[in-house]
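Q: Keeping their order, the protein sequence lines are chains A and B.
Per this note's numbering, the very first residue in the first sequence carries number 21; after that it's consecutive.
Per this note's numbering, the very first residue in the second sequence carries number 21; after that it's consecutive.
Any given hint could turn out to be false.
A pair counts as met if it fits within one copy or between any two copies, since identical chains are not told apart.
As the list claims (entries may be wrong) - With a Cα cut of at most 35 Å, we get these calculated DSBU-like pairs of lysine-lysine:
| # | residue 1 | residue 2 |
| --- | --- | --- |
| 1 | K427 | K40 |
| 2 | K40 | K434 |
| 3 | K462 | K40 |
Derived from the structure by calculation, the hints contain no laboratory data.
Protein chains: 2
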Amino acid sequence: MTDTLIPRTPSAYDYPLLIKSLLRNPVVDNPDQEIVYRGVIRHTYRDLRERVRRLANVLTGLGVKAGDTVAVMDWDSHRYLELFFAVPMIGAVLHTINVRLSPEQILYTIDHAEDDLLLVNSEFLPILEQIRGRIDTVRGYVLLTDEEKMPESHIPFVGEYEALLAAASGEYDFPDFDENTRATTFYTTGTTGLPKGVYFSHRQLVLHTMGVMASLGTVFAHGRLHQGDVYMPITPMFHVHAWGVPYLATMLGIKQVYPGRYSPDLLLDLIEKERVTFTHCVPTILHMLLKHPHAKRVDLAGLKMIIGGAAMSRALCCEALERGIDVFTGYGMSETCPILTFSRLTPEMLAGSPAEQAEVRCLTGLSLPFVDLRVVDPETGAEQPRDGRSAGEIVVRAPWLTQGYLKDHRTSEKLWEGGFLHTGDVAVRDERGYVRITDRTKDVIKVAGEWVSSLELEDILAHHPAVAEVAVIGQPDEKWGERPLALVVLKPEEAGRVGEKDLAHFVREYADKGMVSKQVVLLKVRLVDAIDKTSVGKISKVTLREKYLA
Amino acid sequence: MTDTLIPRTPSAYDYPLLIKSLLRNPVVDNPDQEIVYRGVIRHTYRDLRERVRRLANVLTGLGVKAGDTVAVMDWDSHRYLELFFAVPMIGAVLHTINVRLSPEQILYTIDHAEDDLLLVNSEFLPILEQIRGRIDTVRGYVLLTDEEKMPESHIPFVGEYEALLAAASGEYDFPDFDENTRATTFYTTGTTGLPKGVYFSHRQLVLHTMGVMASLGTVFAHGRLHQGDVYMPITPMFHVHAWGVPYLATMLGIKQVYPGRYSPDLLLDLIEKERVTFTHCVPTILHMLLKHPHAKRVDLAGLKMIIGGAAMSRALCCEALERGIDVFTGYGMSETCPILTFSRLTPEMLAGSPAEQAEVRCLTGLSLPFVDLRVVDPETGAEQPRDGRSAGEIVVRAPWLTQGYLKDHRTSEKLWEGGFLHTGDVAVRDERGYVRITDRTKDVIKVAGEWVSSLELEDILAHHPAVAEVAVIGQPDEKWGERPLALVVLKPEEAGRVGEKDLAHFVREYADKGMVSKQVVLLKVRLVDAIDKTSVGKISKVTLREKYLA
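Given only the sequences and the hints, what does the whole structure look like? Please build it.
A: This is the structure:
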C-alpha cells in the first residue's frame with residue numbers, strides 16, 4: 021500500500037473554497053451585466069469587482085483586520101452585495117444586523133458579536149442614536165445613505181460609503197486563506213430568550229451555493245436558470261444572506277435587482293420594468309403581490325419563485341400557478357444556511373393539473389444533494405417509516421450547517437445532540453421521499469409514545485361550526501405520558517348549545533375515518549372564555565400551560 | 021477580535037466531502053430507478069446500495085485495506101459503477117486500467133500503481149495471461165464475466181464477481197474519513213514516454229460532480245436535467261471515470277444504461293429501447309452514430325450530448341442539430357478530472373440558426389464555476405487580451421485537478437509550474453469569454469515572441485488545390501527565434517506546375533486579409549516527396565524535425 025492521504029500543506033494545487041472564487045468568473049465573463057438598486061442606481065459586474073476592491077481598501081484603511089467583525093444595518097442594496105463579498109474576502113466576518121429587532125436586542129447582538137466597525141443606513145439612525153452610548157466594541161461608523169444631503173447626527177462618522185469608495189484605490193489583491201475561516205454571523209430570534217448567533221465559514225457558503233445550484237438546475241419546471249434570467253430577492257439580505265441566493269446569482273453572472281425596503285408597489289414595478297424572472301419570498305409576500313391592485317397589470321408568467329419561511333397554502337399556490345408563476349417550496353432555517361430541500365416535480369407531476377401540482381409544490385420537498393435529512397422517532401432516534409403518517413423530528417447533516425450558537429456551548433451541544441442538527445420541526449415523509457412538516461417539536465404532544473400534532477387538532481376543531489377559537493396543549497398523564505387538552509372558546513351564539521363531549525366526538529370521527537392518529541381519542545376538551553395571547557397577538561402556549569396545567 | 025478559524029478537529033458537525041455522500045439521497049429517494057447493463061441485466065438503485073455493501077464485504081474479506089489499490093479491467097458495466105463507489109468508500113484506491121494499452125503498458129501501470137487486487141473481465145484474459153508471470157504486487161484476482169460458463173484460465177481466481185457478491189453480507193457501515201484521501205488513479209498516454217498516473221481525492225471527485233452539475237443546470241438548451249432523463253456513457257469508464265458523469269447521474273437518481281463494449285448497433289439499439297436522453301462522446305462516435313444505416317430509424321430528438329476529446333466540426337454539429345440533438349462542447353483532460361468548460365449558449369444564441377448555433381457549440385466554451393482558466397502569454401505568463409486573436413497557453417486552477425503525476429516529482433513540478441496547471445493547449449479567447457483551442461503548445465511556432473499555429477498554417481495550405489499533404493514545423497532562427505517551415509507534398513499531376521514561392525504567397529494573402537497572424541509572412545515552404553508518419557499513421561513531427569532541421 022502507498023500513502024493515499026493527500027497532504028494538507030497549502031500548495032499551488034491546493035484550492036480553498038473561498039467566497040472570492042464565486043466572484044471571478046462572472047465578472048470576467050459577464051462584465052457588462054447589470055446590478056440595479058431600486059431601479060435608480062445601476063452598476064455593472066465590472067463595477068462590482070472594482071467597488072469590492074475599493075471597499076476592501078476602505079475597510080483595511082479603517083483598521084479592519086482578518087478576524088475582525090464588520091456589522092451592517094441596511095435594506096437590500098448593491099452596497100449589501102458588495103459587503104457580502106468584500107468583508108469575508110479580506111478575512112473579516114460580516115455581521116448582518118437584523119434591523120427588525122428592538123433597539124435593545126440590536127445592542128445585545130452588536131456587543132455579543134464584538135463588532136469592530138458598523139455601517140448604517142441613514143434610515144436607522146434613530147435606532148442607533150438610542151443605543152450608541154452603550155456600544156462598547158465598535159471603533160468606527162460608516163454612513164450609508166440614498167440622499168444627496170447628509171443627515172443630522174451626533175454619531176462621529178468616519179465617512180459616507182460612496183465618498184470613501186471614491187477616494188480609495190481600485191486595486192486589491194485578495195489573499196488565499198483557510199476555507200474554514202468564519203465569513204458571516206447573524207442572530208436568530210425565537211419566541212423566548214435572547215437572540216442566538218449562528219455563523220458560517222467560506223467553505224460552507226461556497227458549498228451551499230454549489231449544492232443549491234446543483235439542485236436548482238433540476239428544479240424549474242419549464243426551463244433552466246440561464247444568462248437571460250434576472251434575480252431579485254424578496255427575503256431580506258440581513259436574514260441568512262437572503263437565503264444565500266445573491267451569492268448564487270453572482271456566480272451565475274445574471275442581472276440582479278435590489279429593491280431596498282419592500283413595498284408592494286415598488287416590488288411590482290421592479291418586476292415589470294427590470295423584467296425580474298427569479299425571486300424568493302415568504303407566502304405572505306406572495307399573497308400581498310397577487311392581491312395588490314396593480315398585480316393584474318404586471319405579467320408574472322415565467323417568474324421562478326422559491327417559497328419558504330412558512331408553509332404555502334394550496335389555494336395560494338394555485339393562484340400563483342394560474343398567473344404562470346413557477347412556484348415551489350424550499351425549506352431551511354437560520355441554522356442551516358438555509359436551504360435543505362426543494363419541492364421538485366417530476367415530468368409526470370408537471371403534466372398534472374394546477375391543483376395536483378400544488379399538492380407537491382406545497383410539500384417541504386426532497387433533500388438537496390449532500391443533505392442527509394432524516395425524520396426520526398423522538399424516542400429511539402431511528403428513522404421513521406416512509407409512510408406519510410409516522411411523524412418524527414427532522415434532524416440533518418449537510419456540509420453547510422452552523423457548527424453551533426456563537427459563544428454558547430450549552431445550546432450548541434443541544435442543537436447537535438447525537439451528531440445531527442436538531443431542527444425542532446416535526447414532519448412525515450412519504451414513500452417517494454417527500455417531506456411534509458406538520459409541526460414544531462414544542463407543539464407536539466406525546467401520547468403513548470406517539471407524536472400527536474397540536475396544530476392538526478386545532479385545525480380540526482376550528483372547522484367545527486360552533487368554535488370561535490381553539491388552542492391544544494399536552495396535559496401530563498400517568499398512564500399515557502401526555503393527553504391532548506383542547507381549550508375552546510365558543511362563538512357567543514353557540515354558548516350552551518354545544519358541549520365538551522360534542523367537540524371530542526367531532527374529533528373522534530376524524531380518527532375513525534383514519535384521517536388522524538387513533539391517539540386523539542384521548543383528547544379532552546375544555547370550554548374557556550378566552551385564550552391568552554402574547555404581546556404580538558400569537559397564542560401563548562406557555563401561559564396556557566401555566567394556567568391550565570398547574 | 022475573536023478567533024474566527026473554525027477548528028478542523030473532526031466532530032459531529034464536520035461534514036467531509038466523501039463519495040458515499042453522492043450515493044445516499046438517490047438511493048433512498050429513487051429506490052426503484054433502474055441501472056441497465058447492455059439491455060439485459062437490470063438492477064435498481066436499491067440493488068445498487070445492497071451490491072455496493074456486498075462488494076465492500078467481498079473486498080475487505082479478500083484483505084483489501086484502506087490505502088490499498090484495487091484495479092479493474094472491464095468494459096462499461098453496472099459492475100464498474102459499483103466499483104466506482106465501493107472501492108473508494110472503504111478507503112481504498114480504484115485503479116481503472118486502460119484496456120486499450122498494450123500488454124506491456126498495462127503491466128507497467130499495474131506495477132507502478134502497486135495494485136493489490138485485480139478484477140478482470142474474461143474478455144481480457146488473453147492480455148492478462150501474457151503478463152501475469154511478471155506482475156509482482158497483485159495478491160488476488162477476481163473474475164468478471166457475462167458468460168454462464170467459466171472460461172478456461174491458468175489464473176488462480178479467488179472467485180467470480182457475482183458468486184462472491186451472492187455469498188457476502190449486505191450490511192456494511194461505511195466510515196467517515198479525511199476527504200483528501202485518494203479515491204482513484206489512472207494512466208494517461210501521450211505520444212511519447214511511459215504512461216503517467218494521475219489521481220483524485222474524494223473531495224475532488226465530489227466537487228467536480230457539484231461543479232459540473234451546477235453548470236449543467238444552465239447549459240441545456242431546451243430543458244433541465246430531470247428525473248425522467250436516462251443516462252448512458254459513450255466514453256469509457258476506465259478513462260477519467262467516464263468524465264465523472266456516472267457519479268453525477270447517480271447523484272441525480274436517474275436511470276443509467278451501461279453498454280459494455282461500444283458497437284454502433286448496440287448503442288443505437290440502447291438509445292432507442294432504453295430511451296436514452298443524456299450522453300457524452302468524442303466526435304468520431306457521434307459521426308459513426310449519425311452515419312450508421314440504422315441511425316435514421318432511431319429518434320434522436322431531445323438527446324442531450326456533451327462532445328469532448330477532440331474538436332467537433334461545424335458540419336458534424338449542424339448534422340446533429342438537424343436530428344434534434346442538443347449537442348455542445350465540453351473541454352478537459354485526464355489531469356483535470358476532467359471537465360473545465362462547456363460551450364453554453366445564451367437565450368439569444370439559441371434563437372439563431374443551426375449554423376449560427378454551431379459557431380458557439382463547437383467552441384471550447386466558458387469556464388465552469390470555480391474554474392480559474394486563463395489564456396496566458398507564453399513569455400510573460402500574463403493573461404492575453406480577450407480579442408479572439410491573441411493565442412496563449414491554457415493554464416488553470418480548480419478544486420478538482422490532479423496534484424501531479426503519481427510518484428513522478430519532476431514532471432509534477434513541470435505540470436504545476438508557477439502555481440497553475442499547464443494544459444499544453446493553445447487557445448484564443450473572445451470578448452464574451454469563450455475559449456477556442458487552436459493548437460497544442462508543442463505544435464506552435466514562436467515567431468518573434470508570438471505564437472503561430474502550425475495547425476492553422478497546415479489548414480490553409482491544405483486548401484491550395486495543388487497540395488496533397490502538408491506538415492508545418494518550427495525552424496530555429498537567430499533573428500526571429502523560430503520561423504515556420506512547411507513541408508509540402510504536391511499532387512502528382514501538379515508537380516512542376518506550382519513552386520515553393522507560389523505556396524508562400526498563397527499563405528501571405530491570408531495574412532494580408534488579417535485572417536492569420538502577420539508573422540506567417542516569415543513562412544518558408546519546402547517541397548518534399550513524402551511526409552513521415554508514426555506507426556498509427558499520424559504525422560510524426562519528431563521525425564520531421566530530426567530530418568529537416570539537422
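Q: Does each hint hold? Answer for all of them.
A: Structure-based check of each hint:
For a Cα distance limit of 35 Å, the shortest separation of K427 from K40 qualifies both inside one copy, at 27 Å, and across copies, at 33 Å. Taking identical chains as interchangeable, the C-alpha atoms of K40 and K434 lie at most 35 Å apart whether they share a chain (33 Å) or sit on different chains (27 Å). Taking the shortest alpha-carbon separations for K462 and K40, only the inter-copy value of 34 Å comes in at or below 35 Å, while the best intra-copy value is 40 Å.
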